[in-house]
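Given the coordinates of chain P, assemble chain E onto it according to the supplied hints.
Each chain, written out:
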Amino acid sequence: MDFNDTPEEAKFRKKCREWLEKNATYKDESTPQNDDFANANKMKAAKAWQKKKYDAGWAMLHWPKEYGGIGASSMERIIWANEEAKFDVPKGIFEIGLGMCGPVMMEYATEEQKERYLPPMAEGKEIWCQLFSEPSAGSDVAGLRSKAVQDGDKWIINGQKVWTSGAHFSDFGILVVRHDPNLEKHKGMTFFFVDMKSPGIEVKPIKQITGGSSFNEVYFTDVEIPDSQRLGEIGDGWKVAITTLMNERLAVGDAGGADVEDAFRWAKTQDNLGDPLLTNKAARESIADWYCEKSGLKNTKLRTMSALSRGDTPGPEASITKIVSAGKLQDIGNFGIDSLDMAGMLKTDNQDIKGFQNAWLGAPGMRIAGGTDEILRNIIAERVLGLPQDPRADKGVAFKDIPSGNS
Amino acid sequence: MNLDFSDDQKFLQEEARKFLEKEEALNRNRAVLETDNKFDEDLWKKIVDLGWTGIRIPEEYDGLGLGHLELCVIAEELGRFLAPVPFSSSVYLFTEAIINYGTDEIKEDILPKLVSGEIVGTLAVTEDLHAPTKNNINLSYANGKINGKKIAVPDAGVATHAVVVAKSNKGISLQLVDLSVTGVTTEHQENIDESRGHFSITFNDVETQLLGDEVSGWELYESLINQAAVLFSYEQIGGSQASLDMAINYAKERYAFGRPIGSYQAIKHKLADMYIALTLAKSNCYYAAWALSTDAADLPSASATARVSATKAYQLCSKENIQTHGGNGFTWEYDCHMFYRRSKLLSLNIGSLSNWREKLVTSLEQSNIN
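As given, the protein sequences belong to chains P and E, one line each in that order.
For the first sequence, our numbering assigns the number 570 to the initial residue and increments by one for each residue that follows.
For the second sequence, our numbering assigns the number 177 to the initial residue and increments by one for each residue that follows.
Calculated directly from the structure, the hints in this document are not laboratory data.
Everything numeric in this text was worked out from a predicted model, so none of it was measured.
Each hint can be trusted.
Keeping only pairs whose Cα atoms sit at most 25 Å apart, straight-line, the calculated DMTMM-like set for lysine to aspartate or glutamate is:
(1) P:Lys850 x E:Asp304
(2) P:Lys870 x E:Asp184
(3) E:Lys446 x P:Asp959
(4) P:Lys870 x P:Asp657
(5) P:Lys583 x P:Glu653
(6) E:Lys221 x E:Glu199
(7) P:Lys867 x E:Asp474
(8) E:Lys520 x P:Asp858
So that you can see chain P by itself, here it is in the shape it has in the complex (with noise of 0.2 Å):
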């Protein structure tokens, strides 16, 4: 056991930290991130940083070159992504684009389309969004019912996508819709990527519970998509969106926010009942279980890494990275406000309780994204201990005459 780079990693290493030294410069960990993309000026220092590292080859490493990257291995991308975490550079908001519609476009699309849209992809002059959650599917997202309809040439969409991160600076998304509610429920959809520019393309942010706005509603009328963008077969839009899916779990990781860093430093110095709150046996145990969870899931990623620098493939064991995370981000900030007692109700400019306050009120969303903390605990459950599926009521039938409820 060590934990030492190869001498290969190291070399790579090496070549990432002195590119990103005299590129950037290293984060003051003191100071909050803000990724806030209304903002034009950061949205514009976004692009500039993405289009530098395209420059310079950074941007897509493990695609092919002649699509932007340089074809790395799997512990070079986690090399290079340790290493620019270490920098104060903007990110977030090509996630979706480069980790969920790359992949699905370098699968399905036409190599004239892959010229086309995958290197200003890369380099960050286009923005991808993805829309496939709607009103009435969300952990059942293949219950989705926005139409489309085929004529001629083209495709005429219409309906509802909702939760769509970044839609309303978006260039392209990836679409999956309903071409035949007269099929099977997975056999009656079909999977495009669309111009968000479109005439009939309508974008709404929602406010959500922090009061921020990171994703949107996208109403679709009478739009038209030539066939041409259409990704896989008529019908084979859940084959198409599954291995979209599949990249948003890897890509949906640890919940970021106040850790128990945070909690223990507060708790050294907060006074709770006349003594600092890290006297109080209640309070340490917590620190102590939370920091148990953190290690926990530090050390697992450091056993996948450990998989992939050996060249093999890594085991179940990142799955339960988002579980663990956001639930006790949650907590986390739980802690902190009520450690303040009655004065937790109030807003204040103190950092630490920004963090808790913050960390209380965005937690309820990280148990939700990327698959509810149900939906992941079924696919632990169904895909890594191999119990068997819950008996459903929409197989074999049109999706049509699926139960619906009223939404």
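Just chain E now, kept in the frame of chain P:
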């Protein structure tokens, strides 16, 4: 980056698993539980013959001269099969104490006999119905002899020797005692996992050999426990995995309301939570194993982290395995209760969950995690 065991270590683990499977260690555990034997003598002899008691003992003392990592993989398998043998007492605690604190003379005398099985050791600390601390050790040490009583000493029925925590007018010390001498009275104490006997030992003017010095015994004890916690944690994750596997198999085979109970989300989510707790514990154990094998500066927090998460995982997995089995799980006939019992034994033998959480936070305060 390689947070994993080597191929040789994995091979050793595989061999250990095959051996314990072939020996039907689980059935042996039940046999010990149901009779007055306090351990399985035959299995213990075979384990000694395989050399496992000498894994960490240097070759100059007839041992295998291997490291803590080899001990970790063996511990995981012993935990998985609930082996009813005094391995944790004799190897993780007694042997390590002799290796760490024994004089050359003591090592020459004791270590080869631990390898051959002539000596079986244990550790005697507790004196009353509460956690031992620096301030409540009363067993006295004076003029080279000890007087007093220890309770809840695991495996003392088979042990020939013990390391005893004692107090003199100078402070706390660790004393090496031959339990066969006059003045030592060992009595069985009924306990909640009789597959591993627990005993009281009364010492009446018994001669001892000092391990370390007469003042820093408590620190030596703590350091010994911090190391042993990693090995106990490996037994705990072995037992957790076995409990989870039992629950999974039962959930696939048992039908209720016309379908396998494992198809109900109430069961799925329970088992997923067991998997999550076990995965966290296992990953923390890997790190602690590395810290133990390299004597890393953060061993105290690493071992406490492994210990807390492994205790939590085993307690969760063993109790929810019973729950998944429904009424069958509550019967003596099914094996579920043997894991439930062992999870408690392993979680108490070197100190409770709550006290290990406290140790963890104390070590974080000392190292200042922010």
